[in-house]
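Student: In case you want the letters, here they are:
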Amino acid sequence: MTIKTHARTPKKPKADAPKPPPRDVVLAGLPPLPQGARSGRWGDWGADDFVRGFFSRRSALVICAIVASGILCGEAYAQLSPRGQERPGIIETMLNWAPLILFGRPGEIGGFALNILVSFMVMAIGTVTGVLLGIAQVTKSALVRIPAWAITQFFRNSPWLVLLFFTILLMPFQIRAFGYTIPFPDWIKATIGLALPIMANISEVTRGAIQSIPTGQWESAESLAFSRAQTFRLIILPQCVKRMTPPWMNWYAILTMATSLVSIVGVSDAMTLTKLAVDADGRSELLIPMYGMLLMFFFIYCYPIARLTQVLERRYAVVT
Amino acid sequence: MATTLSVEKKSGQRLQVWLAAAGALLLLYFGWSALFGLEPVNFCTGLIIPALGPAAKALYDTSNVNIIYLYEPFECQRLLRGMGMTIYLSFVCVVASVVIGVLGAWAQMSKSKLLRGFTQSYIQFFRNTPPLVQMYFFFFALSPLLPRVMTDYGIARPMFDAFTWAAISLSFFAGAFNVEIFRSGIEAVPRTMTEAAESLGFTRAQVFRRVVLPLALRVCIPSLTNNLVNLVKTTTLAFAISVPEALFVANQIWSDRVNVLEMMLTLFAFYIGLVAVLVWMMDRWEKSLRIPGYGR
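Taken in order, these protein sequences are the chains called A and B. Quick note on numbering: the first sequence equals residues 1 to 320 in the numbering used here. Quick note on numbering: the second sequence equals residues 1001 to 1296 in the numbering used here.
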């Protein structure tokens, strides 16, 4: 007697059918990759991943289309309204302002470039200190472990903006040491302020990665007469790097978006300059396109990173 | 057999439940008074200042530590209202973002390609742009486009005030993450569950509401907690559009009284306390929802 169930029967794989190239590759207009172009080892993702990152979801295109149509509507509005005749159109104005918002005032670093620079510096500082702090969280000595845990929890659970105000207002604007005067401009202080929460979060990522390594690895290393430090350096940490990469990149994307916070404490980043540009023109129909452009800058920078993170996550997924 | 699913409450836990209820009522009271102008004056002049004022004043006289809100009624009131505003904003955003998350997860499961595409665009847009820029976009770019309304005094004012815009933008921001969280929880529910429910004659909506969602909720509470903690911390951004929440008020106080460090430490303590309460509540919820044999 057979029982009919509602369970779906697995689809039979069609072996003879030619495999169509992936849709994302077609969208990007690139030839499909040769087989085995990636060996799957750590660290060898290529340009194709970045291309996939941006084009493999239709949503990116949908968003670009929405923004473009928004700009065009604004343009039409500006052209049709009588007072728009003697003024430059929306697109022209946006193109005029774009270099300022992207690179800041001539002769100094500012605008979106400053956002990127700050994000790089914060990530460098935060990763080095965060990994050390994370390792300190799993040491055997309670004297090291408990303070490391406390520092991590403190900076992880405080609002970023409060930390930013903390460093901006309470750090000296210069330090005199050994006869030299080291200036601390606002954006350096903001960098340190953003590095604190990143440090704490990377610390947690590190701790999680170390604790996710099976105990068998420690035990077998011990039976092979590795010291604890050697085990850690030669066996555990290399495995952690692989597991930490996706969350690390996730935090980088979050951080890049958070760099816009520095505008509140008076650093002339892309946000500040956009506001200045809109105020300088004083045209209300510019508000949506200009802020939309700013949103797009961030989106275009962060979305590929988010997609790449997903790709890496899938590739490095721990199969249980 | 069905009774084995419900977790029996121990008598010791009842006290915790009462404490949680009292805490929630207190929080709501603060939030309500911050928003609707019922000043928690008696709290300051009646409780805090008589109890702690002399000690704080003595501290200021002997050292340079100026904890002004413990002996100045005005500053005390200001700070309490700011904290109430933060609590209220957090509460509104947490509820709204969870609702958005559930609705979005449902929309992502729907058969309509358009609806799914729309939800996906919404998620990607709000996840990959800075919340501060979103807030500015809402407040400076969208707000002027809406019609103005007349007040009782015949003055035109914007349709939504800064608080509403902050609540809207923060809810959408956190909601985008919640959709992903709920979706991952829904995907973790075994397919056989849905099929079994369908074969018992549940409709699609019933399956979602009575079978999939309760099971998915248990899977996704940990990551939901994470996101809600993040949301509570992100409410500080409302500072940028001058919503009088805790950071804004603290900024006012330290500008007037030049006691940056003291106010800063107060803020840290306040936010860590707020987050601790949220995490504790979510933790309890998670424990009370746990089904034996599901999850750990």
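Just so you know, these hints were derived from the structure itself, not from any lab. Because the structure is a prediction, the values reported are computed rather than measured. Treat the hints with caution; some may be incorrect.
Just so you have them, the derived chain B footprint on chain A, three or more residues with Cβ under 8 angstroms [claimed, not checked]:
1) 155-169
2) 242-251
3) 291-297
4) 300-312
Sample of chain B residues with no beta-carbon within 10 angstroms of chain A, all distances over it, derived [unchecked claim]:
5) Leu1019
6) Gly1154
7) Val1275
A virtual CB, placed ideally from N, CA and C, is assigned to each residue, including glycine.
Student: A separate judgement is required for each hint: does it hold in the structure or not?
Tutor: Comparing the hints with the structure gives:
no., hint, in the structure
1, 155-169, "holds (count 9)"
2, 242-251, "violated (count 0)"
3, 291-297, "holds (count 4)"
4, 300-312, "holds (count 3)"
5, Leu1019, "holds, 21 angstroms"
6, Gly1154, "holds, 24 angstroms"
7, Val1275, "violated, 5 angstroms"
The structure fails to meet hints 2, 7 from the earlier list, while all remaining hints are met.
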